[in-house]
Amino acid sequence: MERYDYSGVIGQSDKLISLVDTLNGTEIEAAIQAISETKQISLKKSEEQIPQWFDAAILPILKEFAEMTSSVLEIERPQSTYFIATLAHSQGFDITESCRAMRFMLAFSNHIGINSTDGITTLTLIFDLARLDR
5 MERYDYSGVI GQSDKLISLV DTLNGTEIEA AIQAISETKQ ISLKKSEEQI
55 PQWFDAAILP ILKEFAEMTS SVLEIERPQS TYFIATLAHS QGFDITESCR
105 AMRFMLAFSN HIGINSTDGI TTLTLIFDLA RLDR
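Each number in this note's numbering corresponds to the 1-based position in the sequence shown with 4 added.
Keep in mind that the hints were calculated from the coordinates and are not lab data.
The model shown is predicted, which means the values in this text are computed figures rather than measured ones.
Think of the CB as a built atom: it goes at the ideal place given N, C-alpha and C, for glycine as much as any other residue.
Don't take each hint at face value.
[To be verified] When the alpha-carbon atoms are kept at most 30 Å apart in a straight line, the in silico DSS-like pairs for lysine-lysine are as follows:
hint : residue 1 : residue 2
1    : K49       : K67
2    : K48       : K67
3    : K19       : K43
4    : K19       : K49
5    : K19       : K48
[What the hints assert, rightly or not] Per label pair, the in silico range of CB-to-CB distance:
hint : residue 1 : residue 2 : range
6    : E71       : F112      : 15 to 21 Å
7    : T121      : I45       : 42 to 48 Å
8    : S22       : E101      : 49 to 55 Å
9    : E6        : P82       : 36 to 42 Å
10   : S120      : P82       : 36 to 42 Å
11   : S40       : E68       : 38 to 44 Å
12   : E78       : G29       : 35 to 41 Å
13   : E6        : H115      : 32 to 38 Å
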């Protein structure tokens, strides 16, 4: 059995709220600065882990679908948290009920583009993973 107990989080929030009520103006400014710095450190650490997360969780699904459909998969990484996956095939794409993971990728992506040029159909998925923490 797995158990995840987050009940102490509310207690910590209550402590923070009651502590804030006792702060003077200078202490409030210092607290805001400390919280902002802590949040920035947390966001930076999270953003540094995003490429590894993409490679471990998203890329294998895209590669499996490309292999299954005999497609060409291209991955662009213009930023450390922004990824563009383009699948290309001359016969188009069928995403059936058995393609559950790929259907999840469609829902998870921030943008879906479908184009056809010179008899080649492309499916482009854009992932802006920096938005996960915000």
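Hint check:
1. Distance check on the hinted pair: K49 and K67 sit about 27 Å apart at the alpha-carbon level, within 30 Å; holds.
2. Using a Cα cut-off of 30 Å, the hinted pair K48 and K67 holds, with the two alpha carbons roughly 28 Å apart.
3. Restraint check: the Cα-Cα separation between K19 and K43 comes to about 19 Å, which is no more than 30 Å; the hinted pair holds.
4. Restraint check for K19 and K49: the C-alpha separation of about 26 Å stays at or below 30 Å, so the hint holds.
5. A hinted pair counts as satisfied when its Cα atoms are at most 30 Å apart, and K19 with K48 qualifies at roughly 27 Å.
6. For the pair E71 and F112, the supplied restraint of 15 to 21 Å holds, since their beta-carbon distance comes to about 20 Å.
7. For T121 and I45, the Cβ-Cβ distance of about 45 Å falls inside the hinted range of 42 to 48 Å, so the restraint holds.
8. The hinted range of 49 to 55 Å is satisfied by S22 and E101, whose Cβ atoms lie roughly 52 Å apart.
9. Separation of E6 from P82 is about 38 Å and conforms to the stated range, judged on CB atoms against 36 to 42 Å.
10. The supplied range of 36 to 42 Å is broken by S120 and P82, whose beta-carbon atoms lie about 24 Å from each other.
11. A hinted range of 38 to 44 Å holds for the C-beta pair S40 and E68, which are about 41 Å apart.
12. Separated by about 55 Å at the C-beta atoms, E78 and G29 break the suggested range of 35 to 41 Å.
13. Hint check: E6 to H115, Cβ distance near 35 Å, so the stated range 32 to 38 Å holds.
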